[in-house]
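First to last, the sequence lines map onto chains A and B. Residue 277 in the numbering used here is what sits at position 277 of the first sequence, and the numbering runs on without skipping anything. If you want the numbering used here, it's the 1-based position in the second sequence plus 1000.
Worth double-checking, as some hints may not be accurate.
As the list claims (entries may be wrong) - Below, simulated EDC-like cross-link-like pairs (lysine to aspartate or glutamate); rule was C-alpha separation at most 16 Å, straight line:
1) K8(A) - D1179(B)
2) K1132(B) - E191(A)
3) K1132(B) - D46(A)
4) K8(A) - E1173(B)
5) K1079(B) - D1179(B)
6) K259(A) - D51(A)
Hints listed in this document are in silico derivations from the structure and should not be mistaken for laboratory results. Note that the structure is a prediction, hence the values are computed from the model and not measured.
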Amino acid sequence: MKGSKQKKLSGRWTYFAFTIIPVVLYTFFYVVSVINGVRYSFTNWDGMSKDYDFVGFKNYLLLFKNPYFWNSLKTTLLYSIMLVVGVIITSLILAVSLNSLKWFKTFIKSIYFVPAMIGGITISLIWDQIYYRVLPVIGQKLGIELFSQSLLMTGKTALSAVVFVQIWQAVAMPTVIFIAGLQQIPDEQYESARMDGATAFQRFRYITMPYLLPTVTVNLVLTIKQGFTSFDFPYALTGGGPARATEVIGITIYNDAFKNMRFSVANAEACILFVIVALFSLTQLKLTSKGGVNE
Amino acid sequence: MKIKAGKDELVWKGLRNIILLCGLILILFPLWLVLINSFKTLEEAGKNFFALPGSLNFTNYKELFTNSNYWIFLRNSFKITIIAILIILTLVPAISYSIARNFQHRYYKSIYYYLLMGLFIPSQVVLLPVTKMMSGLKMLNHTGLIMLYAAFSLTQGVFLFVNYMRGLPYEIEESAQIDGCSVFQTYTKIVVPLVKPMMSTLLIMDALWIWNDFMLPLLILNRTQEIWTLPLFQYNFKTEYSFNYPMAFTAYLLAMLPMLIIYCCGQKYIIKGLTAGSVKG
């Protein structure tokens, strides 16, 4: 009896011991940093000097009056919308197409997944070269004026060109997630719909879509967060230019913190992004969790 | 009616094949260009960017292998990824096991939600202050970076594992404990083998993230060249070799290569693992 009691106690200690290192690591590096970040946003610290003062909401007030900040918020929103729409539609089309293949299905699917293996920086640098060297040649042959110089260098096209490169990579994951969702649909449903004379579109609308809704939620959450926090692609492709046309909030924050010596302002910007991301995730989870077969 | 459905099908199949073909070209063509131009001299590439190289010319590769620190960066990337992954795979399943088996207990329930907070916080909020902190701690080096990866991986890892472990049957563990196994023995002998699928998912997810990550190395390692990772090398290479682009292509190819080789060997498991992670996550 005494033995088992002792053992129970030591068991409890093992459970507790398992949690110590992770909780300390997380608290020290993550939580303390978040708290510091919020704290810095209320100071006038430039990131280098030894002293700084608390200035209350001054950074926030200045930001709300700053047209460049609004511009970068607007760019981020536009970027995210284009990314989400592009990724969801493309991956949905690809998933339905790939799933209905009879031959080489695994092989073709595995090629479509290759971009997910490559880092954003490598992809951006490759596409930078393609925009610069390949598209102008193609444009000349086909007589498309738009391609005559790199799309990244014109203010009007730069943002879409950057989004396109990120879509090129970001489509892979949602596609295989959609395929996993499609494979849960029982074949009999399609069979009976076909018997009843439903068209391909009707079958998609009334059988495929309801089953896919939960996966749509997963993919939306994934992609929206990628859009709002995007940094690698615009940073490596354009660095925010030309004339701030592709300056998303991730770049503004980085530049203010480490180039413009406005560290506290950069933290305030990050905090505003935090609030936006949290609000978006919550409303969007509420909205999309309704409906769908699994709910 | 039947004929109409058949025609429908045919149109759809044709359309589908065209879409998939265009997609394949869009994915493979850039990679193909990188491959063929990495074998060209600058002069040759300038003449015709799209043509096959005249001969398999390895000068770019030789130059990169000898005149740049490619091997050092490759070793750095491998070292950071492997050590970080080992730490993550030791810590995450263990703490998740504790949480999953003691969820009725207030302490474990609260650390679960405490760790989950990270899901709602965009990385930028953490990255700026953590950079200052690491600089203050004199940890702008590999050790510091690895610790950060371990800390930042916890949220998603614990989320995945706790949900997975709570679905496992408790009876096997119970009978092991009646047979005299301690909690630690039960964990290593019974639970770890059971959660191997989830372990491979976490391994793939985090390995891809750490290997390809650019932002954290940029903030933590950018000062001294000897400690760069491959993504940093590529980014900085852009300015150095902007005129000699066949050389740049060689660098990009060499940076992608390790991951692509690993992908070729285990693509089935990689796709499966990543999907399992995201659908649950």
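Hints versus structure:
Note on K8(A) and D1179(B): the hinted pairing holds, with a Cα-Cα distance of about 14 Å set against a maximum of 16 Å. This hinted pair does not check out: K1132(B) and E191(A) have alpha carbons roughly 61 Å apart, beyond 16 Å. Simply put, K1132(B) and D46(A) have alpha-carbon atoms about 11 Å apart, close enough for the 16 Å limit, and the pair holds. Taking the CA atoms of K8(A) and E1173(B), the gap is near 14 Å; set against the 16 Å cutoff, the hint holds.
Taking the CA atoms of K1079(B) and D1179(B), the gap is near 41 Å; set against the 16 Å cutoff, the hint is violated. Annotation: proposed proximity of K259(A) to D51(A) is violated, straight-line Cα distance about 19 Å (limit 16 Å).
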